[in-house]
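Going down the list, the sequences are from chains L and Y. Just so you know, we're using this note's numbering here: the first sequence kicks off at 17 and counts up by one. Just so you know, we're using this note's numbering here: the second sequence kicks off at 3 and counts up by one.
Keep in mind that the hints are not guaranteed to be accurate.
Cross-link-like lysine-lysine pairs, in silico, DSS-like; alpha carbons within 25 Å at most [said to hold, decoys possible]:
id, chain 1, residue 1, chain 2, residue 2
1, Y, 153, L, 155
2, L, 147, Y, 243
3, Y, 248, Y, 153
4, Y, 153, Y, 285
5, Y, 173, Y, 285
6, L, 186, L, 147
7, Y, 285, Y, 198
8, Y, 248, L, 155
9, Y, 199, L, 147
10, Y, 248, L, 182
11, L, 186, L, 45
12, L, 290, L, 302
13, Y, 243, L, 146
14, L, 290, L, 256
15, L, 223, Y, 153
16, L, 186, Y, 173
17, L, 147, Y, 153
Below, a sample of chain L positions facing chain Y; criterion: calculated Cβ distance under 10 Å [unchecked claim]:
id, residue
18, 128
19, 129
20, 158
21, 159
22, 162
23, 175
24, 187
25, 205
26, 330
Hints were generated in silico from the structure; no laboratory data involved. Just so it is clear, CB atoms sit at the ideal spot from N, CA and C, and this is done for glycine as well.
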Amino acid sequence: MNKLLKLSAASLLVVTGFSVNANTLSDVKAQGSLSCGVSTGTPGFSSPDSSGNWSGMDVDVCRAIAAATLGDARKVKYVPLSAKERFIALQSGEIDVLSRNTTWTHTRDTSLGLNFAGVNYYDGQGFMVKKSLGVNNVKGLDGASFCIQAGTTTELNLADYFRSNKMDFKAITYDTSAQTKSGFEAGRCDALTSDVSQLAGLRSTLKDPSSAVVLGDVISKEPLGPVVRQGDDNWFNIVKWSLNAMIEAEELGVTSATIDRTSTSPSVQRLQGKSGKLNEHLGLDKNWSRNIVAQVGNYGEVFERNIGMSTPIQLPRGVNQLWIKGGILYSPAFR
Amino acid sequence: MFIKLKSLLYNNEVRAILFQILTVVVIAYFAYQAFDNMMLNIEQSGIRSGFGFLNDEAGFAVNDNFFLTYSPASSNLQAFYVGIVNTLVVAITGIFFASVIGLIIGIARLSSNYLIRKMATVYIEIFRNIPILLQILFWYSTALSILPSVKNSLSFMDSVFLNSRGLFLPKIVMGTEFYLVLASFVIGVIVYVFIKKRSNKKHDDTGIATNTIPHFLGLIVLLPIAAYFVFGAHLEYPALKGFNFKGGTGLSIEFFSLAFALSIYTATYIAEAIRSGIDSVDKGQKEAAAAIGLKQSQVMRLVVLPQALRVAIPPIINQYLNLTKNSSLAAAVGYTELVTIFSGTVLNVVGQAIEIIALTMLVYLAISLVISLALNIFNKKMEIKGK
Numbered sequence: 017m018n019k020l021l022k023l024s025a026a027s028l029l030v031v032t033g034f035s036v037n038a039n040t041l042s043d044v045k046a047q048g049s050l051s052c053g054v055s056t057g058t059p060g061f062s063s064p065d066s067s068g069n070w071s072g073m074d075v076d077v078c079r080a081i082a083a084a085t086l087g088d089a090r091k092v093k094y095v096p097l098s099a100k101e102r103f104i105a106l107q108s109g110e111i112d113v114l115s116r117n118t119t120w121t122h123t124r125d126t127s128l129g130l131n132f133a134g135v136n137y138y139d140g141q142g143f144m145v146k147k148s149l150g151v152n153n154v155k156g157l158d159g160a161s162f163c164i165q166a167g168t169t170t171e172l173n174l175a176d177y178f179r180s181n182k183m184d185f186k187a188i189t190y191d192t193s194a195q196t197k198s199g200f201e202a203g204r205c206d207a208l209t210s211d212v213s214q215l216a217g218l219r220s221t222l223k224d225p226s227s228a229v230v231l232g233d234v235i236s237k238e239p240l241g242p243v244v245r246q247g248d249d250n251w252f253n254i255v256k257w258s259l260n261a262m263i264e265a266e267e268l269g270v271t272s273a274t275i276d277r278t279s280t281s282p283s284v285q286r287l288q289g290k291s292g293k294l295n296e297h298l299g300l301d302k303n304w305s306r307n308i309v310a311q312v313g314n315y316g317e318v319f320e321r322n323i324g325m326s327t328p329i330q331l332p333r334g335v336n337q338l339w340i341k342g343g344i345l346y347s348p349a350f351r
Numbered sequence: 003m004f005i006k007l008k009s010l011l012y013n014n015e016v017r018a019i020l021f022q023i024l025t026v027v028v029i030a031y032f033a034y035q036a037f038d039n040m041m042l043n044i045e046q047s048g049i050r051s052g053f054g055f056l057n058d059e060a061g062f063a064v065n066d067n068f069f070l071t072y073s074p075a076s077s078n079l080q081a082f083y084v085g086i087v088n089t090l091v092v093a094i095t096g097i098f099f100a101s102v103i104g105l106i107i108g109i110a111r112l113s114s115n116y117l118i119r120k121m122a123t124v125y126i127e128i129f130r131n132i133p134i135l136l137q138i139l140f141w142y143s144t145a146l147s148i149l150p151s152v153k154n155s156l157s158f159m160d161s162v163f164l165n166s167r168g169l170f171l172p173k174i175v176m177g178t179e180f181y182l183v184l185a186s187f188v189i190g191v192i193v194y195v196f197i198k199k200r201s202n203k204k205h206d207d208t209g210i211a212t213n214t215i216p217h218f219l220g221l222i223v224l225l226p227i228a229a230y231f232v233f234g235a236h237l238e239y240p241a242l243k244g245f246n247f248k249g250g251t252g253l254s255i256e257f258f259s260l261a262f263a264l265s266i267y268t269a270t271y272i273a274e275a276i277r278s279g280i281d282s283v284d285k286g287q288k289e290a291a292a293a294i295g296l297k298q299s300q301v302m303r304l305v306v307l308p309q310a311l312r313v314a315i316p317p318i319i320n321q322y323l324n325l326t327k328n329s330s331l332a333a334a335v336g337y338t339e340l341v342t343i344f345s346g347t348v349l350n351v352v353g354q355a356i357e358i359i360a361l362t363m364l365v366y367l368a369i370s371l372v373i374s375l376a377l378n379i380f381n382k383k384m385e386i387k388g389k
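Working from the sequences, and respecting the hints, build out all of it.
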């Protein structure tokens, strides 16, 4: 009997032991690395190279958080997740932050126990069609078949758009982005629909990129950004301000090359950690924002390096330009 | 009093019962604790729970839909039903063809013809030893690359079309005309069954066999066709309009690839079950049947198979269950069955993993239990007859 009691007590611990821990920062520090959820391969946003090194816009958000919390942008453990798996991985605590071209929607923000910490890319849903169809806008796609990746807002937007325009359509939903592409290539569908940022990358990987065109129409708002669990406000603040630090750095004209130069500007000094106490309430080192800019770069650098005109993706800044230059990127006051 | 209690505790029977009760209590307690803890965690992390989401608007389109009405404006519950129906359709189709192919291959495995025997062996060894997921993907990509595009569809009498998107068939227009045709078909079947029964009785009584094939053709094939023209019933034909075929009805290429792969794969196991069943029938049975003058095909149909099936049915039940469960691999090719629709898209829109996965598991459990119940009843019937 005694044995049984001990056993049941032990099992009780197991059963009740896995409640969600609410201090992500100390967990990350204890592990010595940040566990960051990324995509299984989206060119320009998160994709591994042949030797397993990850790069991209979303990956740089992970690196910025690692630089801020651990002082080293390399201390990230990347967890590739499909669209379907991503929220469960975050909810269950398998990852510390999700940075995987995830659209900020009302439902996701309010019913999944998650918080969106900001926007690192303002995207929209677009279409890629076979050139041979001779279609040059979405209105010309009445009755067409579409290849879509399952588990994305794309599925819902497509249905919404065609319903509101009283147009007919067929949707063929695949599990992964790669399958969606091969379905399109094989002629299973007339058009492929996805976020505009991904279409350019997908098109460049087609066997014959010139056989397809990306239409100019954009049918939805897709603000993409990092996501954290609810219930850890400090961690939420760290992720939010890591992203803002990159935007602020660009606005101040500070790059990874110039971050350590002595400056008389109080704003730059705050970013360098030389004045102010912006680190204290986050529970981070004084150097946190300096480390982000020095090791990862400002937003403009990150953009140009991963998806800018010099890369195969060749995306223009568009709305993802600073507010002072006609875009909508805007960091709240860094003071 | 105490001594009595102690002796009761050392009573073997009492102990056995006591420990069983204790085990049940402990298991129930842990299950309850786990559930309670889970609900608490969900509540604390601010995740929505409960089944209210079933009434929300689904908002997405579904490609394959057989009998139900569904549009993006339908509820998640309706999407759930569409998923169940699609799973059942592909499972039933797969079970039917896997049984037919399995039976043929199983018999061919024991053929006296060297080539047929070896070909059946090669078929089994190849398709049994390749993972089913790879086979599904293989048939899907093969179908996509071999079949022509929509614009160059293969057409049969301008009413049936086959292309890389699927098979498009004429659809029956429901109405009085159609019901009259249906009625004539039913009458034809009833009359034919009556004639067949009478000829069987005559055969049993007098030994004179009557050929009922002309009756079959006349009553079951020609009568409904005649009715179709006489009553002026009509079909709705598919036609290429714009990007796709409109009108009529269609079966997607995803459905075909999945059903085909599942049938081909599962048939190998069914064939082996049937072969071992036939092997188990005593040689004397075949010789005795041949001795009373039965033809080779009659020996197989009337004597060997009924006894062989008795042995083969339990493993075949397992294969039917496996096929049904394997149909959840549909996500790989985008056939919209239960897992793709419900624990795929709906889960991602709603985010309530526990409720959605639990419902999905419940459906598979129910389907599997029904299949095994049905076949167990059939098995019982066969057993009694045999003994």
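* **Indices of hints not satisfied (ascending)** => Those not satisfied are hints 4, 5, 7, 9, 11, 26.
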